[in-house]
Amino acid sequence: MCSTLTRTDVDNPLPLLRVLAGSHGRGNVWLLLMLAGVFVFAGLASIAITRLSGADLWAGFAVWIVCALGAATVLNRRLPSHDPLLLALSMFLSGWGLVAIERLAPAFADRQALWLAISVLAMLGIAIFPQVLRWLRLYRYILLAAALLLLSATIVLGRNPSGFDFAPRLWLGIGAFYFQPSEIMKVILVAFLASYLAEQSATLRARSDAPAPASGLSLRLIGPILLMWLLSMVILVWQRDLGTAMLFFIVFLLLLYLSSGDLRLFLGGALLVLVAGAVAYQLFDVVQLRVDIWLNPWPEADGRAYQIVQSLMAFGAGGIAGTGVGLGSPGYIPVVHSDFVFAAIAEEWGLLGVIAILSSFGVLAWRGLAIALNHRGSAFHRLLAAGLTMTLLVQALMIMAGVLKLLPLTGVTLPFISYGGSSLFACHIMMGLLLRLSSGAR
Amino acid sequence: MNIEVTIFLLRLLAGLCLAGFLLALFAIIWRNAGAAVYQPAAAGAMHGYLVCEQPALAGDALRCSLRPIVTLGRAEGNTVVIRDDFASANHARIVLEGGKWWLEDRGSRNGTQLNGETILRRTILTGGDEIGIGKYRYRLHLNQEHMTM
Numbered sequence: 158m159c160s161t162l163t164r165t166d167v168d169n170p171l172p173l174l175r176v177l178a179g180s181h182g183r184g185n186v187w188l189l190l191m192l193a194g195v196f197v198f199a200g201l202a203s204i205a206i207t208r209l210s211g212a213d214l215w216a217g218f219a220v221w222i223v224c225a226l227g228a229a230t231v232l233n234r235r236l237p238s239h240d241p242l243l244l245a246l247s248m249f250l251s252g253w254g255l256v257a258i259e260r261l262a263p264a265f266a267d268r269q270a271l272w273l274a275i276s277v278l279a280m281l282g283i284a285i286f287p288q289v290l291r292w293l294r295l296y297r298y299i300l301l302a303a304a305l306l307l308l309s310a311t312i313v314l315g316r317n318p319s320g321f322d323f324a325p326r327l328w329l330g331i332g333a334f335y336f337q338p339s340e341i342m343k344v345i346l347v348a349f350l351a352s353y354l355a356e357q358s359a360t361l362r363a364r365s366d367a368p369a370p371a372s373g374l375s376l377r378l379i380g381p382i383l384l385m386w387l388l389s390m391v392i393l394v395w396q397r398d399l400g401t402a403m404l405f406f407i408v409f410l411l412l413l414y415l416s417s418g419d420l421r422l423f424l425g426g427a428l429l430v431l432v433a434g435a436v437a438y439q440l441f442d443v444v445q446l447r448v449d450i451w452l453n454p455w456p457e458a459d460g461r462a463y464q465i466v467q468s469l470m471a472f473g474a475g476g477i478a479g480t481g482v483g484l485g486s487p488g489y490i491p492v493v494h495s496d497f498v499f500a501a502i503a504e505e506w507g508l509l510g511v512i513a514i515l516s517s518f519g520v521l522a523w524r525g526l527a528i529a530l531n532h533r534g535s536a537f538h539r540l541l542a543a544g545l546t547m548t549l550l551v552q553a554l555m556i557m558a559g560v561l562k563l564l565p566l567t568g569v570t571l572p573f574i575s576y577g578g579s580s581l582f583a584c585h586i587m588m589g590l591l592l593r594l595s596s597g598a599r
Numbered sequence: 197m198n199i200e201v202t203i204f205l206l207r208l209l210a211g212l213c214l215a216g217f218l219l220a221l222f223a224i225i226w227r228n229a230g231a232a233v234y235q236p237a238a239a240g241a242m243h244g245y246l247v248c249e250q251p252a253l254a255g256d257a258l259r260c261s262l263r264p265i266v267t268l269g270r271a272e273g274n275t276v277v278i279r280d281d282f283a284s285a286n287h288a289r290i291v292l293e294g295g296k297w298w299l300e301d302r303g304s305r306n307g308t309q310l311n312g313e314t315i316l317r318r319t320i321l322t323g324g325d326e327i328g329i330g331k332y333r334y335r336l337h338l339n340q341e342h343m344t345m
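Going line by line, the protein sequences match chains U and F.
For the first sequence, position 6 (counting from the first letter as 1) is numbered 163 according to the working numbering, and the numbering increases by one without interruption.
For the second sequence, position 52 (counting from the first letter as 1) is numbered 248 according to the working numbering, and the numbering increases by one without interruption.
Just chain U, same shape as in the assembly (with noise of 0.2 Å):
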């Protein structure tokens, strides 16, 4: 009795249902992106009239509308087999960041523009090559060492756009052109580890089917486990940016956990965060400062946590359905067009907003993970669309957590809305490969 009604729903569903849905259930693109587009465009226009100044506010949204149709496109023609969903949630995301920043940060807009155009082309330049996930694989070392050896020149030549002296100096540039190395690194070290991971994976399997637990862990497990931490220190220590390196570490933990399924490993490394995060509370003032400011900001709401407070403030501001789209004042918050972006998202759209943004990126995820899962070909590719996902999924939950102040703030960009062309770049790498892995491709 079960079967028959399943099979009247999936056969004969509502109609409504089937016009949402797309004729096999993988999403109507076109319909998405129109709905997208709409309200893209509604919330310019409501800047234009709040601002009383509409002249050099379009170009973003034709930037953004040649990148979805020639992107739909593009994949439906050379990729037919692709997921439309994750085209039509990541260009979503990153109309509403185009909104976003238009309205926090107007100057930086049409950069922001220029990006996406780069990014779109870059991930529809990785969706459509053929032998893209091949050389991921044959070629990591090489491209491990090129990705260090540009997180070390930060080290040494790294800038700060904003120019100011205590600002980390996380970038590299060239002239007006700025590039922030971790982003990219993001993505090497997932294809990286996804790699390595598959090639261990008989011995991890190995050892988590043996019948004694108490089966020594050999240096093959450890090695890389210890190492990944040194570089996630290494990250925190010299450049303070303490996202990154949290990021990368939790990444790499769950995805040993995903190729092993030994839950000691997961809560060995788990231990090694807190450590870590034990002595760089001792020794870092960052450090110090993000966990002092988490426990209770409200003893220095005008000093160094006013930043969070006034980030409170405006989920307060919002309520249900926001202030309407120019009207609330996330201005208050110091730098909110990256960092912070989600907080003015809460202001201006409410509620509602906040639950479509943690709508897309839960659905980006399962969408994510169903392709690790139903991937027929290696172990390689399960591992590195699970990685993807991941890295995404936790960026978003890491930044959206800080804001709202129910983990330490971590600075790091929420995944497609943030300003910062480098970000908005390696999350469309990302997609690119996942676009490509969800083809079925090998």
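Treat the hints as calculated values from the structure; they're not laboratory data.
Computed from a prediction, not measured in an experiment: that's the story for all the values here.
All residues carry an ideal CB built from backbone N, CA and C; glycine is no exception.
A couple of the hints might just be wrong.
Residues from chain F that face chain U, not an exhaustive set, calculated with beta carbons under 7 Å [what the hints assert, rightly or not]:
1) Ile203
2) Cys213
3) Leu214
4) Phe217
5) Ala223
Just the calculated beta-carbon pair ranges, DEER-fashion [to be verified]:
6) Leu316/F x Trp292/U: 27 to 33 Å
7) Phe222/F x Gly330/U: 42 to 48 Å
8) Pro456/U x Val201/F: 42 to 48 Å
9) Leu316/F x Ala427/U: 40 to 46 Å
10) Gly273/F x Ala427/U: 43 to 49 Å
11) Leu446/U x Gly303/F: 51 to 57 Å
12) Phe222/F x Leu278/U: 29 to 35 Å
13) Leu219/F x Leu226/U: 18 to 24 Å
14) Leu219/F x Ala310/U: 46 to 52 Å
15) Ile299/U x Ala285/F: 43 to 49 Å
16) Met242/F x Ile275/U: 55 to 61 Å
17) Leu530/U x Leu258/F: 29 to 35 Å
18) Asp281/F x Phe286/U: 54 to 60 Å
Listed next, the stretches of chain U that the computed footprint assigns to chain F, with coverage defined by at least 3 CB atoms under 8 Å from CB atoms of chain F [as the list claims (entries may be wrong)]:
19) 190-200
20) 463-469
Keeping the supplied structure of chain U fixed, place chain F upon it in accordance with the hints.
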């Protein structure tokens, strides 16, 4: 038109688009979840048989009807006797439990493959699955018309 009215209409439009986007996402989830329920339901077939696809065999060894416990291994006395050096004496078994067919490895030396992957724990089988032991490949056929779930 009054500016405040315009802004209100734009907000309404944006809100409707958001709601529509979310509705479409949930519609897709709904349909996928429906399809996912449909597949395990198909696995609830009580009757079926195993076909040896590789290497090519004739007669009795080719086909074996499923019964509640099907044992596979090199030892005589197994339901399916596998004459392969890479098969253990008691290699694996297929059991019917809770209306579903499960594949279990019985501590074999070289492992049991399901669709080319070595299984780590007991795994639900669905029609069309390929079970690999040594160089032998068995295809599982389930009779859809006897669905009881």
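Hints, verified against the model:
1. A least Cβ separation of about 6 Å between isoleucine 203/F and chain U falls short of the 7 Å threshold, and the interface hint therefore holds.
2. A least Cβ separation of about 4 Å between cysteine 213/F and chain U falls short of the 7 Å threshold, and the interface hint therefore holds.
3. For leucine 214/F, the shortest C-beta to C-beta distance to chain U is roughly 5 Å, which falls under 7 Å, so the interface hint holds.
4. Restraint check, phenylalanine 217/F versus chain U: the minimum CB separation of about 5 Å is within 7 Å; hint holds.
5. With 7 Å as the threshold, the beta carbon of alanine 223/F comes within range of chain U, its nearest partner Cβ sitting at about 4 Å, so the hint holds.
6. With their beta carbons about 30 Å apart, leucine 316/F and tryptophan 292/U fall inside the hinted range of 27 to 33 Å.
7. About 44 Å separates the C-beta atoms of phenylalanine 222/F and glycine 330/U, a value consistent with the hinted range of 42 to 48 Å.
8. Between proline 456/U and valine 201/F the beta carbon distance is about 45 Å. The supplied range of 42 to 48 Å therefore holds.
9. Our hint of 40 to 46 Å for leucine 316/F and alanine 427/U is violated, since their Cβ atoms are close to 23 Å apart.
10. Separated by about 48 Å at the C-beta atoms, glycine 273/F and alanine 427/U satisfy the suggested range of 43 to 49 Å.
11. Distance hint check for leucine 446/U and glycine 303/F: the Cβ-Cβ separation is about 55 Å, which falls inside the suggested range of 51 to 57 Å.
12. Separated by about 32 Å at the C-beta atoms, phenylalanine 222/F and leucine 278/U satisfy the suggested range of 29 to 35 Å.
13. Range check, leucine 219/F to leucine 226/U: about 22 Å between beta-carbon atoms, so the 18 to 24 Å window is met.
14. Between leucine 219/F and alanine 310/U, the C-beta spacing of about 47 Å keeps the proposed range 46 to 52 Å intact.
15. For the hinted restraint 43 to 49 Å between isoleucine 299/U and alanine 285/F, the CB-CB distance of approximately 48 Å keeps it satisfied.
16. Between methionine 242/F and isoleucine 275/U, the C-beta spacing of about 58 Å keeps the proposed range 55 to 61 Å intact.
17. The hinted range of 29 to 35 Å is satisfied by leucine 530/U and leucine 258/F, whose Cβ atoms lie roughly 33 Å apart.
18. The hint said 54 to 60 Å for the Cβ distance between aspartate 281/F and phenylalanine 286/U, and at roughly 44 Å that hint is violated.
19. Counting residues of the region 190-200 of chain U whose CB falls under 8 Å from any CB of chain F gives 6; the rule of at least 3 is met.
20. For the region 463-469 of chain U, the assignment as covered by chain F is violated, since 0 residues bring a beta-carbon within under 8 Å of that chain's beta-carbons and 3 are needed.
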